[in-house]
Each structure stands twice: as C-alpha cells, then as structure tokens.
Amino acid sequence: MSEQNHSHHVIPVAVYAKTFIALLVLTALTVLASRVDLGILNTPLALGIALVKMSVVALFFMGLKWDKGISTILFVGAGVAIFIFMLLTFADFSFRGDISAEEGSTFGIKSPVKLVEPGALHHGETSKGSHH
Amino acid sequence: MNAQPIELKKHEVAHHFETAEQEFDAAKIGMWAFIAQEVLFFSALFVAYAVMRFLHPDMFINASSMLSWKMGLFNTTVLITSSFTMVMAVQRVQVNKIAQSINYLIATLGLAGVFMVVKYFEYTSKFSHGIFTTKFFVAEGAFETLPIFFGLYFVATGLHGLHIVIGMGLIIWLILRARKGEFHSEYFTPVEMVGLYWHLVDIVWIFLFPLLYLL
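In order, the protein sequences belong to chains D and W. Okay, so the first sequence: first residue is 1 according to this note's numbering, each after it adds one. Okay, so the second sequence: first residue is 1001 according to this note's numbering, each after it adds one.
Certain hints may be false.
Below, simulated DSS-like cross-link-like pairs (lysine-lysine); rule was C-alpha separation at most 30 Å, straight line [said to hold, decoys possible]: (1) W:1028 / D:18; (2) W:1135 / D:65; (3) W:1070 / D:18; (4) D:65 / W:1028; (5) D:114 / W:1126; (6) D:68 / W:1009; (7) D:18 / D:65; (8) W:1119 / D:114; (9) W:1010 / W:1028; (10) W:1126 / W:1070; (11) W:1070 / W:1135; (12) W:1010 / W:1180; (13) D:114 / W:1070; (14) W:1009 / W:1028.
It should be emphasised that the hints constitute simulated quantities derived from the structure, not laboratory data. Keep in mind it's a predicted model, so treat the numbers as computed, not measured.
Use the sequences and the hints to build the structure in full.
If you want it as structure tokens, here you go:
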C-alpha cells in the first residue's frame, strides 16, 4: 500500500465531541434568543448564531481548519456569490415602486386564503411569546 | 455486529493518478466544488425568503407561528447528532476500527430516518389543515399572502428532505462497501466525501430552522 496517503492526520475524538457540544449549546441559544423580544435585532441575532454554527461545522466537522486552502476558497467563494445575489436582487426591487404604478397590487392573482382575524387560529404553537 | 472480523482489501489507485494522495486530493476538490454548487442552489430559496419577508414582514411572523418550533428544535438536534455520528464514522475508519465505523454509519442512518419521520408528521399536520403550496392552499388565515410563506416552506424543506433521502442512500452504500472491507486507513475517500455532503445538509438546516420556525 502507498504510504503517501498519510498526509492527513487523524483528528482526536475529543475535538469532535467538543464541536458537538458547542453546536448543541448554540442551538439552545438560537431558541432562547428567539423567545426574547429584541425588536429589529431578533433577525440579525438569529442569523449571526446560524453563521457561527455554520463556521463550527465547516471548520471542525468538515475539516476546513486542517484542509488545503482550495476547499475554503470554493466554500467562501459560494458565500461571496450569495452576497452579490442578495445585493443585486435588493437593489432591483427596493426601487421598483419608483417606476411602477402597480406597486402593492396583487397583479390579478386571486388569493385562496379564507381570511380570519389574526390570532383566531393556531395550527402550530399556541404562543410565540416574542412577537405579540 | 459481524462475528468474523472484516477482511480489508487493498485499494488500487486509478491509472490516471500518480499517487493515492493525488487521487484523494482530486476527489476532495471535486467534492468542495459540488458543495459550493449546492450552496448556490439553496441560495435562490434564501434570497426568495429575504425578498418576500421584506415585502410581507407581518405575514411571515404570523405564518412562522403556525409551525411547531418544538418539532423544528427536535429535528435540529437530531441532525446535529447525526453530523457527529457521521464525523465519528470517518474518524473510526481512519484508525482502522471498521466495525465501529459501520455502527456509527448505522446510527447516522437511523437519525436521518427519525428526521424524516418527524418531517412526515409535520407535513401531514399541515395538509390536514388545508395548508399546501401556492394556489392549492385552502386553509383559513389572517393574511391573503400566507401561501407565499408556505410555498417557500414546502419547497425549502422538501428539497432539504430530498437531500436527506439521497444521503441515506449514500450511507447505505457506504455500509455495504465497508462490510466488504473496502474502506480502511489507506482508503476512505467515499466515507469522507459522503461525510462532507452530510454536513452540508446539516448547515442548510441550521439556516432553515430559525428562518422558518423561530423568526
């Protein structure tokens, strides 16, 4: 057998166990953060925690921390592409009202929703705490 | 699980590669390019979510309260645990503990199954209330734009669920090959690559969970 396959060293189990625990703690934090009403800050906080969780998974479970740079370039490159995607899309529709008289209309699509008062029915959880 | 120890088979490096290391690196670059493509694939849904949420903020808050965050949290924990068992399956094969590696793969497969069962109950509970995608939506609601949220919900979680099912198929394939002794410390490329795929599916869920269930 070729001995040249040994360039990657084996990561100790403890590293993966700690990563696992960190992810569970961050998951609990995500839920707790959403139960507190921070107004406009709830969304950036939830996304921030999700980004940290993603980084933890990518660095340790996916091994980017020990991997060759090309893997990180490909992964981060996809992230940059999403940023451009978001930027151009928002730049487009944020200013559409300025030129279109149809702003706010439903463009002739008949809604299938049987309208009721907000809060009159709950298919999931009965209280969300933060949003009422 | 097997009474007899697994007999390990020597891996033949494909003729177009100089060394096993070169073969492994080529596979890894290919896998990361595929992962980048997967990220872009899901990004369309996230951009659609951002635009629709920007246009209908009150409807999104109302709609996400119609989902059970407890089921979402349970499934998040299941997926994170399955990512851990997957990375352990890779680690065990790297130190030639093949039987342990197979057990971790079976655990990952079981957790993926649990995820899909919970997803099944979530979907059927929505269907029973008449909550479907877009024009098929027949439920009562406080906003006439509700089908937009549930369209995104079903397409995003549906495509994610499809990735889980494909991953389950790949893990079964790994288990069958590992039992034949094809993976060991000198050759574990497919185990590592399926592992990377599995972690990516976990990452997608890490974003879907707060966006759909919590915010």
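Handout entry: Ascending list of hint numbers which this structure does not respect
Key = Hint 2 contradicted; others consistent.
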